[in-house]
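Q: Construct the complete structure from the given sequences, taking the supplied hints into account.
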Amino acid sequence: MQGQAKSLILLKANKLRLAESSYLAERPDDVLVKTIATTITPGVDRLLLTNKPISHKVINYPIMLGSEMIGQVVDTGAGVTSVNSGDFVFTFKGDRWQKLEPYFGCHAEMVATSEHNVLPLRRPPIHRDLLLGLLGYVISGIEKTRLQKTSRVLILGLGSVGLMVAEYLNSLGITDIDALENFGIRGQLSSARNIGMDISDFSGQFNDSYDLIIEATGRILLVEKAIRMLKRGGEVLLLGNYEVLGYDYRLLQHKEPVLISSSITARDHLEQARTILENEQIDSEKFFTGVYPVDQFELAYRIALDSKEAIKTVISWV
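For the sequence shown, UniProt numbering assigns the number 1 to the initial residue and increments by one for each residue that follows.
No lab work stands behind these hints: they were computed from the structure.
Keep in mind that a hint or two might mislead.
Listed next, the in silico DMTMM-like pairs over lysine to aspartate or glutamate satisfying Cα-Cα at most 20 Å (straight line) [to be verified]: (1) K6 with D295; (2) K12 with E298; (3) K6 with E298; (4) K144 with E115; (5) K93 with E115; (6) K34 with E115.
Restraint-style ranges between C-beta atoms, simulated for each label pair [to be verified]: (7) N14 with R193: 38 to 48 Å; (8) K286 with N194: 18 to 28 Å; (9) G3 with E224: 46 to 56 Å.
Since the structure is predicted, the reported quantities are computational estimates derived from the model, not experimental observations.
In this text, a Cβ means the ideal position worked out from N, Cα and C, and glycines have one as well.
A: Structure, rendered in structure tokens:
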């Protein structure tokens, strides 16, 4: 399987272009998928677009973004057993590109990858399937905590991650949820109870109140400001994308918090997410705030990164 595909390429910082990219998929477990739709991931993409790496990995341009995709298998290697040509799948990584860095690599009209990077949908896809990666990521984080149904939770940020956290916790029967979000429309979309637009909106009566604080803004120093509201020995779950982990533990240690970092979404998390979405255990409709054809990618990115109304911005490839 070899060819070229129209794709969104980051040639260098702040220079995103629609161009032809070459793929080569010659391993027995390789799969070629024709794209139906992809989504923009604002937290990661903003850092990559501005050349601020989110890990030790050096960014070598050009790179391809995109980590959430639904599509249809058009060809498979001889060793592939889980999907066949014609099957619909969720794809979370394209890693068979040539002469570019596949930083997830799903923003293309055709994506070549390994069988390991696709999840069979077992039916024609619908738009909520684009939430599989987001929900799987949230499940992987929450399972590391000590949450019970009586736990009290504070979510810092109601972007796509924070909003999904609130929906998932509610599906588990955990409803004592508050949130910090400076865009009022996002607060209206969420199922949180008390919503502050600034950390100062949480008065002293909220001190020592929360069993778990979930940081979903990407601003790590916000944890320091919120720590007064955590119960002693409570947990802080980091779900944002961080340029620098620049907090000083001495400013938090009086609460002796349990700091939890979650960045690995395993296949079983995606399978759990598939079941939850198929059973409509969460309200998926509220996440989709814009769909744009690929030739309007610049507008799509501008809205996804800058608009206060944007939650999940979708790029259509058909």
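Q: For G3 and E224, compare the CB-CB distance with the range 46 to 56 Å and indicate the outcome.
A: holds (50 Å)
Q: Can you tell me whether the CB distance of K286 to N194 sits inside 18 to 28 Å?
A: Check passed, 19 Å falls within 18 to 28 Å.
Q: So if I understand the rule, the pair passes when the alpha-carbon distance is 20 Å or less; does K6 with E298 pass?
A: holds (15 Å)
Q: If you draw a straight line from the CA of K6 to the CA of D295, is it 20 Å or shorter?
A: Status holds; Cα separation ~11 Å.
Q: Just to be careful, I want the Cα atoms of K12 and E298 compared with a cutoff of 20 Å; is the pair within it?
A: holds (15 Å)
Q: Regarding the pair K144 and E115, is the alpha-carbon distance no greater than 20 Å?
A: violated (27 Å)
Q: Given the hinted pair K34 and E115, is their alpha-carbon gap at most 20 Å?
A: Answer holds: K34 to E115 is near 14 Å, not above 20 Å.
Q: Could you see if the CB distance from N14 to R193 stays within 38 to 48 Å?
A: holds (39 Å)
Q: Within a Cα-Cα threshold of 20 Å, do K93 and E115 meet the stated pairing?
A: Holds: K93 and E115 sit about 10 Å apart, inside 20 Å.
Hint 4 alone, counting from the list given before, is not met by this structure.
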